[in-house]
Amino acid sequence: MNAKWDEFQQLVCDHLGMEQDEVGPQTNLYTDLGIDSLGVVSLGLVTQKHFQVQLPLASLTGISTLGGLCELLVEHLVDHQLQKQP
Amino acid sequence: MKFKDLYDFNSIYQDSLFPDDLSRAAFIYQGNTVTYAECKQRVDLLCVQLAAWGIKPGDRLGYSLPSSPEAFFLYMALQRLGACAIPLHEQIPPPAKLGIWQACKADFVIAGDHLLPAIKQALLNGGINTPVASLSSLPSADIEDSAVTFTAQPDAIALMAMSSGTTGRPKIVAPTQRNAATVLKAAHHLMQPSAEGYQLVIGFPLSTSGILTCMGMFAAGVTLVIPEDMSPNSFLTLAESAQAIAAPPAYLEGLTAAANGRTYASVERVYTGMDFFRNALLEKMRAPFPNLNRAGNGYGLVETSTVLMTWHAHSADEFSLPTNRMQPVAGIGNEFAVKDSEGKEVAPGQQGELHVRGNSVVSGYLNQPDSQAFNDGWFATGDIAIAHEDGSISLLGRSKDIIKRGGRSISPIEVTDFVNQLANVEASAAVGVPHELYGEMLWLFIVGDAKHRDIMRACRQHLAPYLVPDQIRSIAELPKNPGVGKLDYNALKILALAELTEGADNECEMG
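Heads up: the protein sequence lines correspond to chains A and B, in order.
Just so we're aligned: 54 in this note's numbering is position 54 of the first sequence, and the numbers increase by one with no gaps anywhere.
Just so we're aligned: 117 in this note's numbering is position 117 of the second sequence, and the numbers increase by one with no gaps anywhere.
Possibly wrong hints are sitting among the right ones.
Unchecked claim - BS3-like, lysine-lysine: derived pairs with alpha carbons at most 27 Å apart:
1) K284(B) x K480(B)
2) K339(B) x K451(B)
3) K4(A) x K451(B)
4) K486(B) x K284(B)
5) K284(B) x K451(B)
6) K400(B) x K339(B)
7) K480(B) x K451(B)
8) K486(B) x K49(A)
9) K451(B) x K493(B)
10) K49(A) x K404(B)
11) K339(B) x K404(B)
12) K284(B) x K49(A)
In case anyone wonders, no lab produced these hints; they're calculated from the structure.
Note that the coordinates shown come from a computational prediction; the quantities given were computed from them, not determined experimentally.
Same shape as in the complex, but just chain B (with noise of 0.2 Å):
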C-alpha cells in the first residue's frame, strides 16, 4: 500500500505523495492548470515564509481561505513544519470564526485578502492581538537561503476541529499525523485511483472534514478540479470534461435537478461521504450521467478523522448492492466492534452501537478530557450498526435517529431504501414520533405523487409487520440542516408532534 508505516507528513510528502511524473495537473481551478511541480514549488515556498513569520512546531494556526489549491497548500506547509491547523469555511461570519479560534487557542491567523479586513475589525472589537495575515502579505523569503527544519511527529496535533458529536455540546476534537495519515490511505483506496489519471470535480468545502477527505483524493494521484463557487450550474459546467464527481449527497441530489435533461457522458465516477448514499439517488443520477460505472462512499467522523470505511461499486451492475454494507479498511491500523448498551459487543448479525479503535481515532476531546464517548481507547460513534460474519459492516443510521417501536429498534434507512424504489415516491424519510403507549410510532413522510394507500399495499406485502410506518404524510420537501444538508429528521418529529398534540388538545376540549 502507498504510504506505508510512514505517519508524519513531511515523510509522506517526501517519500509518496506525488506520482512520478511531477508534470501532471494536480489541480485545475479557474480554467488554469497547476501541475504537480508548481504545487511542491508553492508548498515548499510557503513553508519557508511561515518559518520567517515565526511559525514553528506545535504552533496553532486558523485560516480561512476560499477552495482553490492555496488552501492545499497552506494545509500541507503546515504539515510539514509540524504546525496545528484550524480551517474554517469562509462562510462562517468572522466573530463566530474569532470564538473558534480563541476556543482552540490560535496563535496565528491567515485570511483571504477579502475577507483580512473584517477579520481584523473582530479581532480588533475583541481586543484580540493574535498576529493575522493573508497569503499575499506573509514574509517574502528565498527557497535557498532558507534553512527550515521539520521537525513533525507522528502525535503531534495536526489539526482542530469543533464536532457537535453525539450529545449536541461543540467539542474539540484533534487528530495528530498519526491519524490524519490514515485518511490520505483511505481515501487512496476509496477513490480507485488509475494509471492514466482522471479529473474529478470536488463538490466539498475545503474545511476540517473536507480538507482530510480532499487531500486523500489529492494523494490518490487525481486531478482535482475545483468549482468557484458551490452553484450546481458551475459544478455541472465543470463535470462536462471531467471523469469523476465527488459531493455530498444532498448536494448530489441538486446537481441531478439542476442538470434538468442535460446530460453529462465524460463522467463515469461518483463519490460522496458524510451520509447515506441511497440506492435511489444513484439510480437517479444514471439520467444526467449516462456512463457511471464506479461509485463509492466513504465512512467517518472527525472523531476518525473521517474516513475508515468504504462502499464500492466497480460497475453500473453493483449499484444495486446495499449501500450502506461498508468495508473497513484495511491496512490502517483499526479495530471495529458492536457493542450493546452495557458495552458488551454483540455477535454477528445483532443491532448495536458502533465502536471502533486504531491510528485513525484521536484520544478524546481537548475540551472534554472525561467524554464517555471514548473509552479504553474505544470510541463510541453513536451510530447503529451490525458487524457482518464477513468482516463488513452494515450502517443503520444515528443512535439518536434510530425508531424504538414497540420494543424493536427500527432503522429508518431500512424504510425509506424500500419506499424510495416505489412509483411516484421522489424522497421519503422516516422517524419516530413519542407515544404513551408504545414508546414511538413510525412516521413516514414522503416527496411525490404516489399515493399513501399504494405505499401501504407495497410495505405491508414485503415488509416484516414491525417496518410498515403507522402513518404517512405527503411534503413538498424534506427538511435538511445547514452545511452538508443531511436529513433534519428532528424537524420531522416536530411537524408529527404537532399533529399529535393538536388531536391530544381536542381531547381536552371534549372533556
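Pulled out of the complex, with its shape left as it was, chain A reads as follows (with noise of 0.2 Å):
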C-alpha cells in the first residue's frame, strides 16, 4: 500500500472506533464498513481536515473501499504539493 496508509488507517480507526487489524486497503466502506453515502462523506471530511488537502465530493461518492479512498487521498496530496510549488 502506498507511504500514507498507515498514518491514513490510524485516522480511519480512531473516527469509526476500530481497531487496526479490523481493517484494510480492501475494507469495504459500505458492506464491510456498514457507513452510507453521507458516512463516506464524512470520512472524507475527516481526512481532509487531517491531512489539511481538499477531496472533490464527486471523487468521494465513487470510492468503495478504504484502498480506494487512501489513493485518492495520496493523489490529491501530490497535486497539492505540486501547486505550492513556485
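Fit chain to chain and form the complex, with the hints in mind.
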C-alpha cells in the first residue's frame, strides 16, 4: 500500500472507533464498515482536515474501499504539493 | 379529581383550592411561614383594594414583582375579580416591560417597591399615563365594609404572555380562565400530593409559565419554599430541610454542580418542566440527593396553558424509564393527534408533529388571528412526536431541531440519550448541519474526557447506522439560551458551519 496508508488507517480507526486489525485496503466502506454514502463524505471530511487537503465530493462518492480512498488522498496530496511549488 | 367541572378561578378558590386544615404552611419565604389562612386573608383583602383602585372584570393589569408569596396573592386576586394578569420577570428592563404591557393593552401596572421609580420614569418618558402603583401603595380598604362582586367567567381572559412560538415572531397568547384551570388540575396530578404534605423549593421564575405551574403546585397542597434569589447556593440552603425540589433541567444541572460533594438527604422528590429531563441528569442528581425516589416532568407550551402531559417515576427503580415518553393528563378535556406535513393523522408508532385541542388550548394569538398554528381547534405544537397504542406519547424534539439526514428524520434526543450514558461523557448535543448532497449531517458535540474513538465504537455497536454521528467535536460547555437555559442548537450549528465553510474556502483557494 502507499506511504500514507499507516497514518490513514490510524485516522480511520480513530474516526470509526475500530482496531487496526479490523481494517485493510480491501475493506469495503459500505458492506464491511456499514457506513452509508453520507458517512463516506464524513470520512472524507475527517481525512481532509487531518491531511490539510481538499477531496472533491464527486470523487468521494465513487470510492468503495478504504484503499481507494487512501489512493485518492495521495493523488490530491501530490497535486496539492505541485500547486504549492513556485 | 379535585376541581372537577370547575373552570373559573373564583369557584375553584371558594370550593376546593385550600386544604381543610388552614393552619398548614402554604409558603415559606425569608424564613417566615405563611399559612393557608393568612394567604386567604391576604388575597381577600387584595381583591377589595384592587376593586377600590378601579379594577373591574376584563381589565388588564401588568405587573412585575419579586418571586414571593405576594406575586401569588396578586395573581389569585386578579383571577377572582375576573381581571387579566400580565406578569413579567423582574429582570426584564423597564422599557421592554412597558413595550410588552402596551402591546397587551394593559389598563393598570403594579411594580415591586424597588422597581416602581424606574417604571414610573419609563412611563413618563414614553408619555404613557397608565395608572401605576406598588402593592404597598394601593388604596387601603376594609374587607368588612366592602362589597366586591366576582363575575369571572370560564371564557374570560385570565392572563397574557408573549410567545416566540414556532416561528420566532413574538405573539400574544391569552389563556382563558378555563385554560388556566386545566393546569391546576394537571400540576396537581404532576405533584403527586400526599396527605401529610411536603416542602418544595421552587426554582422557576414567576412569569407566565412559572406562575401557572406554581399555582398548580399551590393547588396540590404542597408548601412552596421560595428562595430570595436564584443563586444555586440559596436554593441548596433551603433544600437542606425540604422534601422536594422543582426547577428547569438546566437549573437542576447547576444545582448538581454547585452541591460540590455535599448531600441533601431530606430531598426525596424532583420535578421539572420546560425542557427534556434527561435520564443522565436524573442519575447525576442521585449523588447530591441520595434519597430521591420520585421524579416528574411536565410538558406543555404557553399556548396549551403549560402542563398537559406528564412523566412520572414512582421509585428510584423507574429513573431509567424513558423520560420523553409522556402520558396525557386524564380528565382535563384534551385530545392529541400526531399528524404528517399534510395534516393527516399518522398511525401509532409513526413520527409526525404533535397537535392538541381541548380545554388547555388557547383559541389563537391575539395579534395574529390568521396564524397557521391554529386550525379547526387544533394547535400545531411544533414538537415531533410518536403516539403509542397505550395512549402515551414520545416527544422527540422541536421540529426545527430534528435532523434530516439522507431522507430520514432523526431526533437529537435518540442520539444523546445513548451518548450521555457512556463513560466520561458529561453532556452532549446532536445537531443537523446543512450539507449540499445529503440534506444535513449529524454532528455530535460532547463535554467530557471521552475519546471520540470510544464514542464512535459504542454508537456503531449499539445504534442504528443512520443515528451514528458523522462528526464528533469536543466542547468545553454546551451553549444555552437565556431564560430557563434550554440548549442553543443554533449556536452549535453555527460552530459546525464555520468549520465546513472554512473547508469550502480552502477549496476555492486551491482552484
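A quick look at each hint next to the structure:
1. K284(B) x K480(B): holds, 19 Å
2. K339(B) x K451(B): Given that 27 Å is the threshold and the Cα spacing comes to 40 Å, the pair is violated.
3. K4(A) x K451(B): Since the Cα atoms of K4(A) and K451(B) sit roughly 24 Å apart, the hinted pair holds (cutoff 27 Å).
4. K486(B) x K284(B): Given that 27 Å is the threshold and the Cα spacing comes to 18 Å, the pair holds.
5. K284(B) x K451(B): holds, 21 Å
6. K400(B) x K339(B): Holds: K400(B) and K339(B) sit about 16 Å apart, inside 27 Å.
7. K480(B) x K451(B): holds, 24 Å
8. K486(B) x K49(A): violated, 31 Å
9. K451(B) x K493(B): holds, 22 Å
10. K49(A) x K404(B): holds, 24 Å
11. K339(B) x K404(B): The given pair, whose Cα atoms are some 17 Å apart, holds under the 27 Å limit.
12. K284(B) x K49(A): violated, 35 Å
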